[in-house]
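Enquirer: Take a look at the letters that make up each chain.
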Amino acid sequence: EDQVTQSPEALRLQEGESSSLNCSYTVSGLRGLFWYRQDPGKGPEFLFTLYSAGEEKEKERLKATLTKKESFLHITAPKPEDSATYLCAGIYFAGGTSYGKLTFGQGTILTVHP
Amino acid sequence: GAGVSQTPSNKVTEKGKYVELRCDPISGHTALYWYRQSLGQGPEFLIYFQGTGAADDSGLPNDRFFAVRPEGSVSTLKIQRTERGDSAVYLCASSLRSSVWDTQYFGPGTRLTVL
Numbered sequence: 001e002d003q004v005t006q007s008p009e010a011l012r013l014q015e016g017e018s019s020s021l022n023c024s025y026t027v028s029g030l031r032g033l034f035w036y037r038q039d040p041g042k043g044p045e046f047l048f049t050l051y052s053a054g055e056e057k058e059k060e061r062l063k064a065t066l067t068k069k070e071s072f073l074h075i076t077a078p079k080p081e082d083s084a085t086y087l088c089a090g091i092y093f094a095g096g097t098s099y100g101k102l103t104f105g106q107g108t109i110l111t112v113h114p
Numbered sequence: 001g002a003g004v005s006q007t008p009s010n011k012v013t014e015k016g017k018y019v020e021l022r023c024d025p026i027s028g029h030t031a032l033y034w035y036r037q038s039l040g041q042g043p044e045f046l047i048y049f050q051g052t053g054a055a056d057d058s059g060l061p062n063d064r065f066f067a068v069r070p071e072g073s074v075s076t077l078k079i080q081r082t083e084r085g086d087s088a089v090y091l092c093a094s095s096l097r098s099s100v101w102d103t104q105y106f107g108p109g110t111r112l113t114v115l
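Residue numbers (our numbering), protein chains in the order written: chain U, 1 to 114; chain G, 1 to 115.
Just so you know, the hints here were simulated from the structure itself, not pulled from any lab data.
Please note that a few of the clues may not be correct.
As the list claims (entries may be wrong) - Straight line, CA to CA, 30 Å or less: simulated DSS-like cross-link-like pairs of lysine-lysine: (1) U:Lys-63 - U:Lys-79; (2) U:Lys-59 - U:Lys-42; (3) U:Lys-42 - G:Lys-17; (4) G:Lys-11 - U:Lys-42; (5) U:Lys-63 - U:Lys-42; (6) G:Lys-11 - U:Lys-69; (7) G:Lys-78 - G:Lys-15; (8) U:Lys-42 - G:Lys-15; (9) U:Lys-59 - U:Lys-69.
When you get a sec, could you build the whole thing from the sequences and use the hints?
Expert: Here it is as structure tokens:
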């Protein structure tokens with residue numbers, strides 16, 4: 001069974017204190033790795049897609065990286081408005097085809113204190 | 001432009017009742033997905049449509065759940081004989097096509113509460 005596991009479950013940072021969130025995934029059959037941000041009471045908001053080991057993508061204070069067995073979301077000098085749940089999801093090759101069925105981790109709840 | 005919309009935003013119903021949840025995808029998107037998110041968990045896949053047909057319904061928990069997309073645009077998720085365990089946020093997502101390279105855009109969700 002394809003699995004995506006995120007750690008830590010919750011992370012509390014002071015404003016400006018950089019850190020990283022981890023996403024471990026079942027390696028066999030992975031076709032793409034996605035990061036989403038989810039604010040309370042809202043749907044997930046797309047951040048990044050990574051397709052191959054060594055790939056990196058950046059957006060403002062966020063940088064996503066992918067290795068052969070895990071992905072990291074690095075947050076540099078976070079601000080209180082970065083507080084949210086960050087979700088990692090994989091797309092897997094399935095039975096002769098690949099399509100967009102996402103397998104999500106349980107998320108990391110990030111709280112940034114001023 | 002308009003994103004994915006879902007109605008209602010909240011639905012409270014009694015155990016045993018029938019409910020319908022609606023999803024309006026982004027115009028022109030051919031792929032549509034339904035997910036269910038329980039408190040403190042990531043979304044779980046329910047069903048995927050490519051056009052009008054359900055290409056993969058392997059995530060539907062049982063035969064009380066059914067979804068349609070008759071004209072290849074709006075989709076309705078139908079739940080019969082609701083149970084308290086069906087309480088969750090039901091999310092809809094759409095993408096331009098159904099390949100791994102197409103970003104899925106999510107709606108705000110419908111929070112279903114079964115009393």
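Enquirer: Does each hint hold? Answer for all of them.
Expert: Against the structure, the hints come out as follows:
Taken as a hint, the Lys-63 of chain U and Lys-79 of chain U pair is honoured in the structure, with Cα atoms around 15 Å apart against an allowance of 30 Å. Of the supplied pair hints, the one linking Lys-59 of chain U and Lys-42 of chain U holds, its CA atoms being roughly 21 Å apart against a limit of 30 Å. Restraint check: the Cα-Cα separation between Lys-42 of chain U and Lys-17 of chain G comes to about 26 Å, which is no more than 30 Å; the hinted pair holds. Between Lys-11 of chain G and Lys-42 of chain U the CA atoms are separated by roughly 15 Å; this keeps the pair inside 30 Å, and the hint holds.
Between Lys-63 of chain U and Lys-42 of chain U the alpha-carbon distance is near 23 Å, which keeps this suggested pair within the 30 Å criterion. Pair hint Lys-11 of chain G plus Lys-69 of chain U does not hold up; C-alpha atoms about 40 Å apart against a cutoff of 30 Å. Annotation: proposed proximity of Lys-78 of chain G to Lys-15 of chain G holds, straight-line Cα distance about 15 Å (limit 30 Å). Our distance criterion of 30 Å between C-alpha atoms is met by Lys-42 of chain U and Lys-15 of chain G, whose separation comes to about 26 Å.
For a cut-off of 30 Å, the pair hint linking Lys-59 of chain U to Lys-69 of chain U stands: about 23 Å separates their Cα positions.
This entry does not satisfy hint 6, going by the numbered hints stated previously; all others are met.
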